[in-house]
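A.B. asks: Here are the chains, one letter per residue:
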Amino acid sequence: MTVTGAPPVTDWRRLDRRSIWVEAVKPGGGLLLAGAVAVTFRGWDRVGWIEPTIGAVVVVGILVLSAWAWATTTYRVTATHVELRSGLLVRSARSVPRDRLRSVDLTVDVVHRVAGLAVVAIGTGRQGGESDDELKLESVSTAEAERLRSVLLVREAAPVGAPADHRAPLAEFGASWVRLAPLSLAGLVAIGVLAAALGQFRDAIDYEALWGSGPVRSAVAWAGGVAPPLLALLVIGGLLLLNTVLSTVLYVVSYGGFRLVRDDDRTLRLTYGLLTQRSVTIEEARIRGVRVDEPLLLRLGGGAKAKIVAAGLGVQDSEGNEKRDSDLLLPAVPVALAHRVTADVLGAASSPAAVALRRHPAAALRVLLLRWVPVSLLPAVGLAVPALLGVFPHWPWQLALALVPPAVAGAVLEFGNLGHALSGAFLVARSGSGVRRTAVVRRDGVIAWRFRRTVLQRRPRLLSVTAAVAAGKGAHTIAYADQDEVLRVAADAVPGLLAPFLEPDPAQA
Amino acid sequence: MTSVPTSGAPHLRLRAPAHHVDPRAITWWRLQDALIWGAVLVAVGVVLVFWRPGWLVALEVAVAVLAVVDVVVAPPIRYARHRWESTAVAVYVREGVFVEDWRVAPLSRVQTVDTQRGPLQQWLGLSTVTVTTASTAGALKIKGLDRDAAVELVERLTAATEATPGDAT
Numbered sequence: 001m002t003v004t005g006a007p008p009v010t011d012w013r014r015l016d017r018r019s020i021w022v023e024a025v026k027p028g029g030g031l032l033l034a035g036a037v038a039v040t041f042r043g044w045d046r047v048g049w050i051e052p053t054i055g056a057v058v059v060v061g062i063l064v065l066s067a068w069a070w071a072t073t074t075y076r077v078t079a080t081h082v083e084l085r086s087g088l089l090v091r092s093a094r095s096v097p098r099d100r101l102r103s104v105d106l107t108v109d110v111v112h113r114v115a116g117l118a119v120v121a122i123g124t125g126r127q128g129g130e131s132d133d134e135l136k137l138e139s140v141s142t143a144e145a146e147r148l149r150s151v152l153l154v155r156e157a158a159p160v161g162a163p164a165d166h167r168a169p170l171a172e173f174g175a176s177w178v179r180l181a182p183l184s185l186a187g188l189v190a191i192g193v194l195a196a197a198l199g200q201f202r203d204a205i206d207y208e209a210l211w212g213s214g215p216v217r218s219a220v221a222w223a224g225g226v227a228p229p230l231l232a233l234l235v236i237g238g239l240l241l242l243n244t245v246l247s248t249v250l251y252v253v254s255y256g257g258f259r260l261v262r263d264d265d266r267t268l269r270l271t272y273g274l275l276t277q278r279s280v281t282i283e284e285a286r287i288r289g290v291r292v293d294e295p296l297l298l299r300l301g302g303g304a305k306a307k308i309v310a311a312g313l314g315v316q317d318s319e320g321n322e323k324r325d326s327d328l329l330l331p332a333v334p335v336a337l338a339h340r341v342t343a344d345v346l347g348a349a350s351s352p353a354a355v356a357l358r359r360h361p362a363a364a365l366r367v368l369l370l371r372w373v374p375v376s377l378l379p380a381v382g383l384a385v386p387a388l389l390g391v392f393p394h395w396p397w398q399l400a401l402a403l404v405p406p407a408v409a410g411a412v413l414e415f416g417n418l419g420h421a422l423s424g425a426f427l428v429a430r431s432g433s434g435v436r437r438t439a440v441v442r443r444d445g446v447i448a449w450r451f452r453r454t455v456l457q458r459r460p461r462l463l464s465v466t467a468a469v470a471a472g473k474g475a476h477t478i479a480y481a482d483q484d485e486v487l488r489v490a491a492d493a494v495p496g497l498l499a500p501f502l503e504p505d506p507a508q509a
Numbered sequence: 001m002t003s004v005p006t007s008g009a010p011h012l013r014l015r016a017p018a019h020h021v022d023p024r025a026i027t028w029w030r031l032q033d034a035l036i037w038g039a040v041l042v043a044v045g046v047v048l049v050f051w052r053p054g055w056l057v058a059l060e061v062a063v064a065v066l067a068v069v070d071v072v073v074a075p076p077i078r079y080a081r082h083r084w085e086s087t088a089v090a091v092y093v094r095e096g097v098f099v100e101d102w103r104v105a106p107l108s109r110v111q112t113v114d115t116q117r118g119p120l121q122q123w124l125g126l127s128t129v130t131v132t133t134a135s136t137a138g139a140l141k142i143k144g145l146d147r148d149a150a151v152e153l154v155e156r157l158t159a160a161t162e163a164t165p166g167d168a169t
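As you go down the protein sequences, you meet chains A and B in turn. Taking UniProt numbering, the leading residue of the first sequence gets 1, the next gets one more, and so forth. Taking UniProt numbering, the leading residue of the second sequence gets 1, the next gets one more, and so forth.
Treat the hints as calculated values from the structure; they're not laboratory data. Where hints are given, some of them may not hold.
Claimed, not checked - To be clear about the criterion: a stretch of chain B counts as covered by chain A if any three or more of its residues have a C-beta under 8 Å from a C-beta of chain A, and this derived list gives those stretches:
| # | segment |
| --- | --- |
| 1 | 44–55 |
| 2 | 65–73 |
| 3 | 115–121 |
| 4 | 148–157 |
Claimed, not checked - Ranges between beta-carbon positions, derived for each pair:
| # | chain 1 | residue 1 | chain 2 | residue 2 | range |
| --- | --- | --- | --- | --- | --- |
| 5 | B | V47 | A | A67 | 39 to 49 Å |
| 6 | B | Q32 | A | V252 | 33 to 43 Å |
| 7 | A | L456 | B | V68 | 25 to 35 Å |
| 8 | A | H394 | B | A34 | 25 to 35 Å |
| 9 | B | L41 | A | H394 | 35 to 45 Å |
| 10 | A | V435 | B | L41 | 26 to 36 Å |
| 11 | B | R81 | A | V412 | 26 to 36 Å |
Ideal placement from N, C-alpha and C gives every residue a C-beta, glycine not left out.
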């Protein structure tokens, strides 16, 4: 692939000088917060000179390390490669061919925004092996980040006569989106995280004083006078209310200002976030499909999320952490919009994720029940054995039986979600129990087939088919489908590949 | 392009790939299983020298019986199930007894072809060939090929891979 576009830089550049301070702010801020919490709960009188001294030394240390990291990190963009040299003690040099670059991801959190900086992550899409996966520049000035974005993802001149108005957004944050925010449990998760964080400070908190304080005591006294079922209802209602408020706030803060546009240079660009601003640019040629996710609650409320299936997105970074949201296409939005954007991004007339899917045989429900129910029985069985031996009361295992109905419901839900179809240039596979996932992948993006069948699946002629795609997690499975039918679908999806390996099944003729 | 054999046959299945691996693979798997079981038996045996409750003796005997059955019975079945084939278009591998597994990868999407030889395999003159694609879900393994056959297969696959432009994604 020839590399054209803006003239490449060949000199080594440093990160922005301000990043020394910015990178030190976060650990330093954490330290300050810990100090503030300690002082709040323990009082000034119990703070000696040792803690502040240690704090000061650590702050100076962080600054020195940060400066050293800045001084030792350089990068450059040549005609063919992007190179990054870094490392405090162990020097590392990474060089990535530019025609391997798939995405450019700019992240600007509050601290960076104040400083006018951005973190640039350049996705290469290698998965597994030592050579993965992204080059991260922490951090460069916003102008430099924009320059890098335009230099790195422009390879060929746009075709002459391309539609002029390509910049009308495919999707834009709207008030109707916020309506769907409470249908997520993000708020409860946030409460859990907060509770865990408070638990971290338990040494610093004087629980006896807290317990003895006026508001807490009167609350406990009041709760003691309320009937237990009513109290449970109140607690659940309170949590739901809290979840509604928190989920909405989180949603607006995370995805406020969402905008999805198709740039002239055949890239998709997503920008979103009120506090931490994210801007992801993806080369469209690398997109292999879209996954539409519908968590149960959201689905009942008429909403859906969408993710991009593309090499270099939604995989692990070089430290093995899941890259957060880097494959996001749409947050929770009205389902009709999700389908329209899916169709737009894939260049299809209508969304392949919305076509009628072929259902899987009823025998699949039996297989699913056999997978869900025994697991749900395990706690009951484990508790029943000591009960029968007379060393443990009986009610716990009877209570544990309450896990069975949800397991049956899970199996039935999952069965209801199974389905697959061929739709034009796309293979559609749907699965999941609590979250219905509809994967739409380009047929020409399928790079290998994998077929699996357990002993249980043999007689009812069920077969699970996995289409390997060089993108995201790399596998999209059509689970427990009818063998004859799904083999035909797989053979049709990639013409000429599978047919030579199929034969009529004489035992069944 | 071969058409799907649909006419007159409502039921389809994946046919067995053309080739078995080398019969010495049975010996390889036997030795492998015997070593693992042997380690367990010896570990329990050492304990038995010092301490001999009835249930532990019973356990040792049960493990021994299981080990003998596994070493005698399992490898030939595994050999019968594990088959492979490489055409001008694709690589096709089947394996598995309780969980059957078939994999097909087009040569145009193959990224690397590797061989591995463990100590037992070296001694028996065997090789395992791994064919990888750009997805972790798409790797194929042919376990227990004759060493020379493996070299020849790798050369053929590598040549086919190099003949395909692009980065096979």
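A.B. asks: Which earlier hints can't be squared with this structure?
C.D. replies: 1, 2, 3, 4, 5, 6, 8, 10
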